[in-house]
Structures are given as structure tokens and as C-alpha cells.
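A.B. asks: The residues making up each chain are set out below.
2 protein chains.
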Amino acid sequence: FISSQKKSSILCLIASIFDAGSGWICVLMVGIAAGATAGIIDISARWMSDLKNGICADRFWLDREHCCWSANDTVYKDADCSSWTTWPEMLGYYHQSGFYYIIDFLCYVLCAVAMSGFAVSLVRVFAPYACGSGIPEIKCVLSGFVIRGYLGKWTFVIKAVGLILASASGLSLGKEGPMVHLACCIGNIFSYIFPKYGNNEAKKREILSASAAAGVSVAFGAPIGGVMFSLEEASYYFPLKTMWRSFFCALVAGIVLRFVNPFGSDQTSLFHVDYSMKWTFIELVPFACLGIFGGVIGAFFIWCNIRWCRYRKNSKILGQNPVYEVLVVTGFTAAIAYFNPYTRRSASSLIKQLFDRCGPEDYMMDLCDYQNKTVSSDKVDDNYHTGEFGSGVSTAFYQLIVAFACKFVFTVFTFGIKVPSGMFVPSMAMGAIAGRLLGIRVEGIFGLMQKNGHTGYWACQIGKDCVMPGLYAMVGAAAVLGGITRMTVSLVVIMFELTGSLEFIVPTMVAVMFAKWVGDAIGVSGIYDAHIELNQYPFLDNKGEYPYSTVALQVMQPSGGNTLHVIEQDQMTVGEVEQLLNETTCNGFPVVVSAVDMFITGYCTRRDLQVAISTGRKTSPNVTTNSKVYFSSNVPEFDIGGSGPSPLRLKKILDLAPMTLTDQTPMEIVIDMFRKLGLRQILITRNGRLLGIITKKDILRFMKDGDSI
Amino acid sequence: FISSQKKSSILCLIASIFDAGSGWICVLMVGIAAGATAGIIDISARWMSDLKNGICADRFWLDREHCCWSANDTVYKDADCSSWTTWPEMLGYYHQSGFYYIIDFLCYVLCAVAMSGFAVSLVRVFAPYACGSGIPEIKCVLSGFVIRGYLGKWTFVIKAVGLILASASGLSLGKEGPMVHLACCIGNIFSYIFPKYGNNEAKKREILSASAAAGVSVAFGAPIGGVMFSLEEASYYFPLKTMWRSFFCALVAGIVLRFVNPFGSDQTSLFHVDYSMKWTFIELVPFACLGIFGGVIGAFFIWCNIRWCRYRKNSKILGQNPVYEVLVVTGFTAAIAYFNPYTRRSASSLIKQLFDRCGPEDYMMDLCDYQNKTVSSDKVDDNYHTGEFGSGVSTAFYQLIVAFACKFVFTVFTFGIKVPSGMFVPSMAMGAIAGRLLGIRVEGIFGLMQKNGHTGYWACQIGKDCVMPGLYAMVGAAAVLGGITRMTVSLVVIMFELTGSLEFIVPTMVAVMFAKWVGDAIGVSGIYDAHIELNQYPFLDNKGEYPYSTVALQVMQPSGGNTLHVIEQDQMTVGEVEQLLNETTCNGFPVVVSAVDMFITGYCTRRDLQVAISTGRKTSPNVTTNSKVYFSSNVPEFDIGGSGPSPLRLKKILDLAPMTLTDQTPMEIVIDMFRKLGLRQILITRNGRLLGIITKKDILRFMKDGDSI
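Top to bottom, those sequences are chains U and Z.
First residue of the first sequence? That's 1 in our numbering, and the numbers climb one at a time after it.
First residue of the second sequence? That's 1 in our numbering, and the numbers climb one at a time after it.
If you're looking for bench data, these hints aren't it; they were derived computationally from the structure.
Be aware that a few hints might be false.
No copy is singled out in the list; a pair is fine if it fits within one copy or between any two copies.
Cut-off 30 Å, straight-line C-alpha distance, at most; resulting in silico cross-link-like pairs (DSS-like, lysine-lysine) [to be verified]:
{"#": "1", "residue 1": "K704", "residue 2": "K241"}
{"#": "2", "residue 1": "K676", "residue 2": "K696"}
{"#": "3", "residue 1": "K203", "residue 2": "K676"}
{"#": "4", "residue 1": "K153", "residue 2": "K203"}
{"#": "5", "residue 1": "K196", "residue 2": "K153"}
{"#": "6", "residue 1": "K196", "residue 2": "K704"}
{"#": "7", "residue 1": "K676", "residue 2": "K196"}
{"#": "8", "residue 1": "K651", "residue 2": "K618"}
{"#": "9", "residue 1": "K278", "residue 2": "K352"}
{"#": "10", "residue 1": "K696", "residue 2": "K241"}
{"#": "11", "residue 1": "K652", "residue 2": "K196"}
Sequences are here, hints too, so could you generate the full structure?
C.D. replies: Structure representation (C-alpha cells):
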């Protein structure tokens, strides 16, 4: 007996540990799956992206870098290796004549179009929700809005495959936003394994918040940044007790991704930056300028993109032919990008190059073609150079300007088409280009001043102690990304983790701060909020401050001459309720003691009422149109035993604790309650009597009107 | 005319920009002041701390390190330099005989006792709130509890001076917790410059949250960690929109501190760790053990400390003689610490030493006395050694064990005495000692295995690729700090910023996670929550989850036979209201239409009522005990013009929007509303009629009872 009791108590203990640990197990699984998914996507996208140029002759499953590595080619240089076969070479054209280039160009464009065409077809046929970045929708989902199937299995599979194809096609899009969506799909799918999370929307959102953090973590290799992103941008009700779990999830995902090691390197961060970069305080001026530029270009980008998306929504031709749109955009992008070395390469490798300093091994590149390179004999010390440019830098300068314009136009037209497409990397690429351009200019000015004998402040080693163009590129990337997304803390933390050095927090922060201020001052909201507004999702922004002096009475329904539709507790018949349901469209009805004195007893949703009445009619033949509906428990005697239609008892569907406020409550408090408690409606009373109702829709309309006043 | 209009619109614009920017200006000022304060405290504390040993002969205002630097002493070694004069030397004893040591010892102890005596006297006489760490109280203040004068000017001045004295006296306490309190004082003082923040408690809390972040930022040089700490630990209602501003504040404070440069070094972080440290996955086992140890020792520490604090509270002798207690504790601490090299030095320099690897310059120290040191000729590469110990390591090992025990006992008795005293650095020191001890042991085991030919996993360069005792010290510090404070994300982020390398996030996280799990499983709450409970502050924990099935009806007052005290809207006289005020102690009264039907019109606080009645009696002689009190605006005609006592109109003190809920609302929702909306009371209704009231006290009592069930 004792042993059986022991056994059961041990079982109990195990069960309670499992219950307490199920959240941890769930996020552990989510983290592992998210890391693995990200690794597979990264590897596949690289391989497919190289497929536009050629194929590994002896082992087709290798991308160019690994193909050349494994070929053990001693004369291997970045541009070429013997195992890697370009398409013209496959067709037998080895001489690099004009014809060779035409075939190369055609293959490049055709591959790109084929890939994106395949991606858009998959999305169209199997999972329409798989398009876009997904972050605006995730924001809405985490705020309590339910989009059925948005986080389902099919969306996950198609979005993953589509993302590989789309990013390989050379379209100006990033993998980062969709990665967040994919991670949330994983979180949603896994949460059904644990009933505690699968059956409770609020608990499930905890898992989804953690998943969003894991998504950013794998996208950038930034676990802390992921948590901050989830906290700042994605999550609406971020329960602090889950922060730790989110961090765990993000970290596990990051470690798994490192094991998969898609980039074949030992570095922890995506765009690893050399530690020797320095900056002086005077440089905060150009950094602030980059921030202002980021704010302006970000606002302009959002304006253009939203205009185009609105046009697409309203246009018949475009709206009904998303596949053709994708094909045309891909064709143009590929055809134009082909001719510029900076647009042709992938955005993330472009960013990596722009962030880098010019080391001795880079002096053959255009971007690092300086006069007076000083190569010190000590290998540890960095090489540096003066601010005098060679001809290569000028060439690179103009190519970068063209690249910036192309990236801008491409991305405006790309963000919103029906393939999985993110925003982060393209905007970082734009910013990195702009930053590097400014860095080169500032370097020239500093160099000129030093040459003319203005020493003092300027007596630093250009490109080492000060005016590192790579640092400008980094700051520029943060500025433009900040201008477009209006992220703040999370962006700084992500940049910090990307580059792995605390030294650069201040420049990044200055740029992001100016970008946000300028962007907000221009009055265009961030890209995600703009898309939420464009799609008219019911999203209640939880950051704004609304110093309204209005009170609830002025906002509530019914206003003016309308009447409030209520249900009387024990006095209405089934027919009357059905009539009320047919005549109105509201989602629920307050239940009152009687329509005369309007004392609230509860609230009942339309859906519950419909289900209860139809069930009642089905199960009991005596429930007819004339049956009385009872919401209280005191059903009179004569109605039960009597010969008339039997009464319908609906006490159990009545919400006995509806949220009520008086009519004099300031709207500020009302909005605060909607935000913090996630309500759908509040009943408005005066002296205990029901006056009206305020729903989430009323709040949204009020906030919009309030903005325009 | 046009120009004047222009002028006024420009003025308007400036005013609106100032209004929008005032929050930023305020946190900027807070950041600068916090950084400067921290710098001054650090420098002064160093100087005063060295004063226990001696004085700089030619320039008394220099501490030992600067004294020796500026003396340009070529034969300078760490232990001695000619300019630095110890106290026995000042008294003419140059020969290091027994008498020299006795004088040295006596001076050391006397200086320590004098300093701490001065500190405790200052606190006693001028600002009793300046004692302790302040973090438990800051948590309560940020949750809405008002402690008058807790964040005032005097508290700030006395706490700053007392902190310098107390930390110089060699007591086992840290400067970090009090730094958070000081930063919050600064925030409070500066918020009064801006009426928008000074006059609104909720807005002021935004500034205080940012200040808390700045406090941690200057304490550890960790701006991101500061924001996370403020978010996770200190702030109750952390509005996400202020996160960015908190980050700015923390960063400004950090930059200013770096300008002040109290440590005279170029490093960004307090305990800078070498980058070459590595760890292997097998080492996660000892790291997890450290975490478990941290959880156990943390819980034991809290238990001892709380027992002692409770004893102090109840004991007559101790409670009334805090000065003597401080003197005795300081005397014992100084006398015992004097004889152990690891307890004698300051805790932060001890931590720095324990975190460090054993470089070639350290091989003369006990802690780094290894056999078979391999000194490579390449200066860049790190030196390493095998796991075979010299005799110095064994000596150090036993000294460290003693040091650990001393630190533990000292800190138990120190945390809670009436001087400014923090927890962070002492607990990190304990953890670092424990970690280093384990690291040395593991190193020995690995070394033995390698010697016996067990290669494979163990074939790493001990102390370089694996088993770096410094890393164990770091992980141990995080584990014990985690066990005592139960911080999670913020602790990992702070450790990450302290050491400046992403490489160590995983070990730290594992240790912190185990420490928290074990600590929570033992069932002792974190040190701050334990002290909040000890002092019975009205703090509603916002992290726990309470799956109660109770409804509001069961918790509300009045319960059982008591009656609810209400005010009738237009029917009571001044005398009746005064009688009600005298007979009851509640903080406020619901105002109803009439006591018969109990329809709520509003809520009125006791304080407002008292003030309004006494003002009414003073200003108008016709307001007598028989005057009628009107809360509605429809005061009858006859009462105004009549000869009787003139009516008292109290409409403006009536809160027309009291929060109401029905009696069937689950307590889970009620608690949630109290937490998220920061309420003090909720009125409970049924069918529109007032039934009772639930105050914050009821909630606290209910939660406590719920725990014990």
C-alpha cells in the first residue's frame, strides 16, 4: 500500500514537473526546429542562387564556394575555379566573347524568372498566406486577432520553399521577416502537442512571442536582439515571466543554427566586423546626418511602397495577375542587376563587403583602391592608408550610386508582391551603400585637410582611428532600417550583436535616434503599421500616447437617435431573440433585467446565442418560437411543467462578468483598458443603468478620427 | 501683423517641441548626473579605501595607484612605491617587524571602523532612508507605493557620502544597488524641473524607470543590461514607449562615466575578459553544477539573512543601537579580512583577478603557479600551461575556501545594516571564488586524464581551449548572483556586457537557469522579494500566475455580517459625513444615489472629503454641521436661497469613473486588473447595485492566503 502511494505520488510529481516544464520543452523544440529550418533555407538559397550563374560540374549539389573548395584548386581565385561551370561553358562556349556574355545574361535572367515564377505559383495554389513578410500579420495575431490558417502547416511548408526560390531569384528581398513568420508557424504547430498551450489562445501567444524571438535570432544570429524585437515590435501583451523562456528559445535556435553552420564559417555573427575600428566624437555629425537621411529615405520609401500597394489593390489588371507581376518584376530586376557588380551579388554579401575595412588583401578591389597604402611589416597591426583615392574608388563610387537607386526602385516594387519577401536586408543594403558613399566622401575631406596641414583633431590615421568607411556603412544600414521599420532598442541591439562590439553602440544609436525622430516628424508611420493600415487589420497600437479629453459617453454606441439592442433577461421568446439576431449585425448583446430600468446582468455573444438556440431546437422538440428564453436560474414553475412550449435555459452561455465603466470615464482610460486587458467590448453605465457599448471597432474609429482632427 | 503671427507660431512650435522633448531633456540630464555621480563616488571610494593602508606622502589627494604612477618610480612594483607611505611608516616604523604589522593592523581596523561609524551616523541623523540597497523600495515605488522623501535631495546626498564611506570601510557590500537608488533620486529631483513629469505620478515613474536603467548602466558599464534590469526587475508598469528613452538615459550615463574614467583605464567594461577563452560542450556539466550550487547557496544566504534581519527587527538591543551594530560588524570584518589576501582587497578587484586568465605576467602569483608553463615566443598567442599545479595554487586554493566562508558570513550580517549597502558585488565575489575553485579542480582532473593518455575529448590545451578557471569564476559569479536575486535575462545580458563577448552567453545562461530553477524549487523567494515581504510593503508581484477559481464575491469587503460604508448622494449632512469619517478607517467611500437601491454615482477618497469639508467650513460661515452635502449638480432651489445652513457642493471631488466589476468576476481577472491598471480599489456590483469593495489590501491578503492553502 505504501509503495503504491509512493508510486502515485511520484507519478503526480512527474506529472506536475511535466506540466511546469511543458512550456520549456515546447520552446526548446521550437528553438531546435527554427534553427534547423533556418539552416536548411540558408544552405538551399545559396545553392539555388549560384545556380543562376552555373553549376558544379562534378558534384552538382555544391554551391560555388564549396565546389571550388572541394576541388582543391590551387590556383583558385574568387572569380573562377575549374570545377565550377558557368552555363555558357556547359553549352560549349569557353571563349569569353560577346556571345558568351549574351548566353550568360539570358541564362541568368531566365533562371531568375523561372525560380520566382515557381515560387509565386506555389504560393497562389497552395498557401495564399505565405506571401509577404508576415510581420504585420504576426503583430495583429499577437494582439489577439485571429487569422485562421495563417500559422498552419501548409503556410509553413510553402513559405519555406517559396522563400528559398524567391531569395535565390535575385529579387530585392530579405529572408529575415519571413523567418519570423516561419518560426511563429513552428511555434503554433508545436503548441498543439501541449494541450495547456494549444487550447488556450493567451497561453499560445506566449509560445508565439518566444517563436518570434527565435525567428529574429536565427535571421541575424542575435538572440538578445530577438527578444528585444519580440518585446518591442511584435508582441502586444508581453508577459515578463515569459521573457526568460523567449530568451532560451532564441538562444537554442541560434546554437542550432551555428551547428548547421550554413555559412561555413566559425563566426558567431552574420556581418562580423573587425575590432580595430575606432571613431572620434566629431564624427557624430556625419552619423547624425546619416540618421536624418535614413529617416527621410525611409519615409519616402514607405510612401512610394504604400502608393504602389494601394494601386495594386485597386487595379484590376495587377490585382488579378499577381503571377505576371512577379515575373515582370523579377525579369527587370535580374536584367538590370546583372550589369552592376554591386546589385548582382546577394544583398547580404554586399553588406558584408561594405561593412569591411580595406585590409591588405582587399587592395586589388575597386572599393579599396587608395594611394599611399602603408603596409606595415607587423601582421597583427592593421594596415591603413591615407584619404587619397585611386581611380578604382571613383568607379566604385558611381557604381554604388547607381546600385542605391536600383535597390530603392526594386525594393519599392518588390515588397508586397505575392512571394515571401522581407524588408530587413534590402533596407540594410540601401543604408550600407549610402553610408559607405558618405564615408568615402568624409574620408576624402579629412585626407585633404590633413594634406593641407590641418592637423590637431584630424591627426588620426584615416581608415583606422577615424573615418572608417565600413563603420559609416554600418551606421547607414542601421539608419535606413530604422527609418523604414521605426525599430529602436531592438535595432541597436541587433546591430550590436551583428557586429559584436560595444564600441559602436553610440554611433548606431545616434543614427537610429535621428532616423526615428525625422521619420516620425515627417508623419509617415513605420512600414509595418502602414501595411496594417493598408490591409485594415483591427490593430490597436500600444505605443502611442493619446491625450484625449473626450469621455466614454461621446464615443459609445448608440449615438444620436439609434437604439441600443439588448436582451431582456427572462422576458423574451426564442422568436424575438432570433428576430434580434437577424435584424442586427453586432457581435454580442448586453443582457439586462428589463428594458425599462436597464440593469446589466451579463453579456452574450452572437455566436453563442445562435449555437445555443439551434442546439436547443434540435435536442428538445418542445422548444419553439414561442419558448421563453431564461438567462437567470429562477425559471418559474408553471413554465417547466406546463403544456406550453418548454423554456430555453441559457444561463451557461451568459458572461456574468462583463467589463463595465461609467459614461464619464475619460477615453484615455478606456483605451488603456482595451490595450492592456485585450478586451473586445466595454459596457457603459450611468448610475448602474446600461447606457451603451464601446467595441474595439469604435476605439479604432475614434483613434483614427482623433488623429485627423 | 504678419511677422507677429509668424513669431507666435514659431514660439508655439518651440513650445510644442520643448514639450515633446522635455522627456528627452530630462533623461539626458539624469544620465549626465548619474554618470558624474557614479564617477565621483568611484574615485572617492578608491581614495578612501586606500586610506586604510596609508597615504600618498607628497600629494595626499591621490590614491595608491595614481600616487605611484605620478611618482615616476622606476622600481615601482605592485606592492610598494616610494611615494606611498603606510601608516606605520608615517609613525616612523620603517622596519617590517612585528610591531610594524601590529600598527598596520590597528590603523587598518580603526580607519575602517571610523569610516563606517561616520557613515552610519550620517544616515541616522540626516536621512534614515539612505540605508540599505534601496532596490526593494524602488520596486515598490515603481509599483505605485508612495514613500515620502525616499527619493529626496537629502537621501541622495547622504546616501552618496555614506556609500563612499561604507564601501571604503571594507565592509562586504557593493555600490551597485545604492547606485540604482541614487539614480532614481536624481530622476525624481530632475523631474520636478518639468511640470509634465513632476506633477504626474505615472509620468514620473517613466523617468524613474529610465533612471533605474541608468543606475545599473553606471554600476556595471552595461547600458543594455540596465534597460533589461529596469524592465525585468525594477519596473512594474514598463511602458514600451519609454524603453527607447531609458536606453538613451542608460547610454548617456555610461558615456559620461567613461569620460570621468574613474578606473583610469581604456576598457569599456568593468571586468574585461580576454577574448581567447574557449569552452567545450562537455564543460556544460560543471557549469550546470555551478548553477545548482548557486541556487542552493543563494537560497541558504537569503534564509540566513532574513532570519538575522527579523531577529534585528524584534530584538531590543540590536534594533535600538544600529550604530553599535555597524561598528561591531565593521570591526570584525576588518580584523578578519586583514589576514587573508583575497578578502583584504576590494571585492571588485578580487573579481577581476579571479576572472582573469593566467598570463605570463601573472605566473609569479599564487593563483597562477603551474608546472610546465609553456611560454611561446609569439607575443600575440596566449601562453598556456598544463593542469599540474605548483604549491602556490594549493595555498591559493585553501585561502580561497576561507575567503568564501568569510565573505558569506560577512555579507549575511552586512546586508541590512544601517549603511548604504548593495548585494551585487559581494555575491558575485562569492560566486567567482566558488567558480574558480571548481575550475582549478576540473583543470586538475583534465590534466590528470591527459597525463594518463586519455586524449580524444580531453585533447585540448588546458587553460586555453578548455577549462579556463577564469571562465568558471565568471559563470560562478553569475550563478550565485542569479541564486540570490533570481534575475534572469538581465543578469545574462549584464554578464555579457561586463565581459564583452558573445562566446560566453551559453555557459552563463545554463548556470543562471539552473540557479533559478533550484532556488525556486527550494521555495525561498529572491532577496528583494524576501525583503519586501519582511518589511510588509504593499507590493503586488506581477510575475506569478494564480489559477484561482474564486470569484470577486468571496473576497470583497464587507464579508459576513459587516456593513458597507457608503455616502448617499444628496441626502447626508456634514455632520453625518464627519461621523462616518470618524467611525471608519477606510481610505474612501462609494457614493450612491440612495442607500436603499445602491446605484453607484462615484467614489470619493477620505482625504478629499476631509479637506473639502474643512475648507468649506472655513471659507463659508453658513456651512454648519447641519448643512446638506450635495454630490450631484442639481442642488434644490430652497437650499440655496433659504435661511438654513448653506449646502456644501462636493461634485468636483467625486471620481465619476470608479472601476466596477460584477460579483461573479473570477479573481484572476480582478488581480490582473489591479496589476495592469495600478488600481487601489474596485467596486463590486450585482445587477447594477453596489455590493461591496475590493481594495489592494484585500488582494494582498487573498494572495497570501491563497499561497498557504
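A.B. asks: For every hint, state whether the structure bears it out.
C.D. replies: Results for each hint:
| no. | hint | verdict |
| --- | --- | --- |
| 1 | K704 with K241 | between (33 Å within a copy, 19 Å between copies) |
| 2 | K676 with K696 | both (13 Å within a copy, 19 Å between copies) |
| 3 | K203 with K676 | both (16 Å within a copy, 17 Å between copies) |
| 4 | K153 with K203 | within (20 Å within a copy, 45 Å between copies) |
| 5 | K196 with K153 | within (20 Å within a copy, 50 Å between copies) |
| 6 | K196 with K704 | between (37 Å within a copy, 25 Å between copies) |
| 7 | K676 with K196 | both (22 Å within a copy, 23 Å between copies) |
| 8 | K651 with K618 | within (18 Å within a copy, 55 Å between copies) |
| 9 | K278 with K352 | both (18 Å within a copy, 26 Å between copies) |
| 10 | K696 with K241 | both (27 Å within a copy, 22 Å between copies) |
| 11 | K652 with K196 | within (22 Å within a copy, 48 Å between copies) |
In the structure shown, no violation is registered for any of the earlier numbered hints.
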